[in-house]
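Line order of the protein sequences matches chains A and B.
If you read the first sequence in my numbering, its first letter stands for residue 193, the second for the next number, and so on.
If you read the second sequence in my numbering, its first letter stands for residue 4, the second for the next number, and so on.
Just to be clear, a hint being listed does not mean it is correct.
EDC-like, lysine to aspartate or glutamate: derived pairs with alpha carbons at most 16 Å apart [as the list claims (entries may be wrong)]:
#1 Lys183/B with Asp253/B
#2 Lys356/A with Glu319/A
#3 Lys387/A with Asp253/B
#4 Lys215/A with Glu242/A
#5 Lys406/A with Glu390/A
#6 Lys387/A with Asp198/B
Label-pair ranges, simulated between beta-carbon atoms [what the hints assert, rightly or not]:
#7 Leu392/A with Leu100/B: 45 to 53 Å
#8 Lys113/B with Ser208/A: 52 to 60 Å
#9 Gly246/B with Gln308/A: 27 to 35 Å
#10 Glu247/B with His279/A: 42 to 50 Å
#11 Glu247/B with Ala273/A: 27 to 35 Å
#12 Glu266/A with Arg98/B: 53 to 61 Å
The set of hints was computed from the structure by calculation and includes no laboratory data.
The structure displayed is predicted, hence computed values, not measured ones.
Backbone N, C-alpha and C define an ideal beta-carbon position, used for all residues, glycine too.
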Amino acid sequence: MAEEITETQFISLPPSRKADWTKAIKAKIYPLKPGPVLIDSADWQLGYREIKRLKSILENSGLRLICLNSDLPETLVSASALGIQTHLNITNTINSSMQNTPKTINERNSQKIFFQKGTLRSGETLEVQGDVLLLGDVNPGAHISASGHVMVWGRLRGVAHAGKEGNKQATITALQLRPLQLRISEVIARGPEEKPEEGLAEEASLEKGIIVIKPASIRAFADE
Amino acid sequence: MATNTRIILICSGKGGVGKTTLTANLGIALAREGTKTVVLDADFGLRNLDLLLGLENRIIYTAQEVLEETCRLDQALVKHKQEPNLALLPAGNPRMLDWLKPDDMQRIVKMLENDFEYVLIDCPAGVEEGFKNAVSATKEAIVVTNPEVSAVRDADRVIGLLNTNGVKPVQLVLNRVRPKMIANQEMLSVEDVTDILALPLLGLVLEDEEVIVSTNRGEPLTLSNVNSPASICYSNIAKRLKGEDIPLIDPAKSGSSLKNKFMRLMQTKIF
Chain A
193 MAEEITETQF
203 ISLPPSRKAD
213 WTKAIKAKIY
223 PLKPGPVLID
233 SADWQLGYRE
243 IKRLKSILEN
253 SGLRLICLNS
263 DLPETLVSAS
273 ALGIQTHLNI
283 TNTINSSMQN
293 TPKTINERNS
303 QKIFFQKGTL
313 RSGETLEVQG
323 DVLLLGDVNP
333 GAHISASGHV
343 MVWGRLRGVA
353 HAGKEGNKQA
363 TITALQLRPL
373 QLRISEVIAR
383 GPEEKPEEGL
393 AEEASLEKGI
403 IVIKPASIRA
413 FADE
Chain B
4 MATNTRIILI
14 CSGKGGVGKT
24 TLTANLGIAL
34 AREGTKTVVL
44 DADFGLRNLD
54 LLLGLENRII
64 YTAQEVLEET
74 CRLDQALVKH
84 KQEPNLALLP
94 AGNPRMLDWL
104 KPDDMQRIVK
114 MLENDFEYVL
124 IDCPAGVEEG
134 FKNAVSATKE
144 AIVVTNPEVS
154 AVRDADRVIG
164 LLNTNGVKPV
174 QLVLNRVRPK
184 MIANQEMLSV
194 EDVTDILALP
204 LLGLVLEDEE
214 VIVSTNRGEP
224 LTLSNVNSPA
234 SICYSNIAKR
244 LKGEDIPLID
254 PAKSGSSLKN
264 KFMRLMQTKI
274 F
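This is chain A alone, in the form it adopts within the complex:
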């Protein structure tokens, strides 16, 4: 059986993003035929809005963004939120993080951030040494734990344990924090009964020995 294959076109963006990045993109896509396209955004740090904009620029030329490659987890997180398939350029990341270590999130504890894509389903556990960033949901009955921070880019509805080796500064952050149970260090709390507001990322941390939930702040990821 011969299947019709539309060839995926590939665009590689120049390293480092300029102020007027839309022009650079438009110049790149000008010669392309309509169809699926894969973009390597190198070390461009793109937010949710910018990727949305990028997508609409492509769509105006009849191009469909099927996958975004990037050196930066931040860009991938934003892209995933838009339902775009993503791929982390691993070799580049290692190089860049070696060259400019101060950029990494946890350089002070010299902890690694563990990046995992996919949903944790009931009965599955993810245990990480260091910080964990999960792109996906933690379903009821699943268990995610880390010796550092737990970050869930998705809905947290299972059990999360941050700072499982005693780090009281560890936090648990999720786009939708609706856990069965939260644990930070040795403190255990049941999840809130009421449903949280939609679209509001929340963060749980230890304050005076009690786990409190607040709207998430970017600052939380920077080092204390």
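Fit chain B to the known structure of chain A by using the hints.
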């Protein structure tokens, strides 16, 4: 030919949600569409697919004899009396569980692949040996669940296991949906379930007392009572499985008014 055979595992994790009923009805519905279909009972411990299909008294050999090579495959296959396109490969006796290995399941399915377009495997409940054996032999899967927290939780577990075993695609059938209870917020809604399981919905099956009647009679609903609500749902699932684009029913609208019931009948009576 053999490579195009679709091998579909019908599983749920939790027992009693309607795996066997779905297998039987889907088998009949596919056969009626002219597709050569075989249903394989992988529930060796508690077999009852033969009962549902009304073929219990016709079984001579089982999968056990086929594996022991004391009979040929075509001797063990039980052809359905009314739908000649459908065959059943019955489960052997429960002691098979002691020695059955994933390899054996794969061997059986390989044999069936040559003669059929669809192989439906009725999976046992649970996630132990029986499930693992069945998973090893399948390509794709249908997960059946009910709108209940326990059934959804078990389905979630099973989907995780299917994913790690590389079974693809995995689709969802939501069984025993009661529109009235959903409307009164007494039952998990379709969205509540798909929200957690995050699977493409292959179909909904409405709660229908006729299912019990037909089960006891050994005549799947899709065979005897084509116009009952559940029967229509089963046939639609079979058609979607074959790639036809049939819209899902909206539980908020279905089953409530006589007019809607009538409209559904009109839509499905296509000859």
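Tested hints:
1. Lys183/B with Asp253/B: 12 Å, holds
2. Lys356/A with Glu319/A: 10 Å, holds
3. Lys387/A with Asp253/B: 26 Å, violated
4. Lys215/A with Glu242/A: Holds: lysine 215/A and glutamate 242/A sit about 13 Å apart, inside 16 Å.
5. Lys406/A with Glu390/A: 14 Å, holds
6. Lys387/A with Asp198/B: Roughly 15 Å separates the two Cα atoms, so the pair holds.
7. Leu392/A with Leu100/B: 45 to 53 Å: Since the Cβ atoms of leucine 392/A and leucine 100/B sit about 50 Å apart, the hinted range of 45 to 53 Å holds.
8. Lys113/B with Ser208/A: 52 to 60 Å: 55 Å, holds
9. Gly246/B with Gln308/A: 27 to 35 Å: 34 Å, holds
10. Glu247/B with His279/A: 42 to 50 Å: With a Cβ separation near 34 Å, glutamate 247/B and histidine 279/A fall outside 42 to 50 Å, so the hint is violated.
11. Glu247/B with Ala273/A: 27 to 35 Å: The hint (27 to 35 Å, Cβ to Cβ) holds, given that glutamate 247/B and alanine 273/A are roughly 34 Å apart.
12. Glu266/A with Arg98/B: 53 to 61 Å: Distance hint for glutamate 266/A, arginine 98/B holds at roughly 58 Å.
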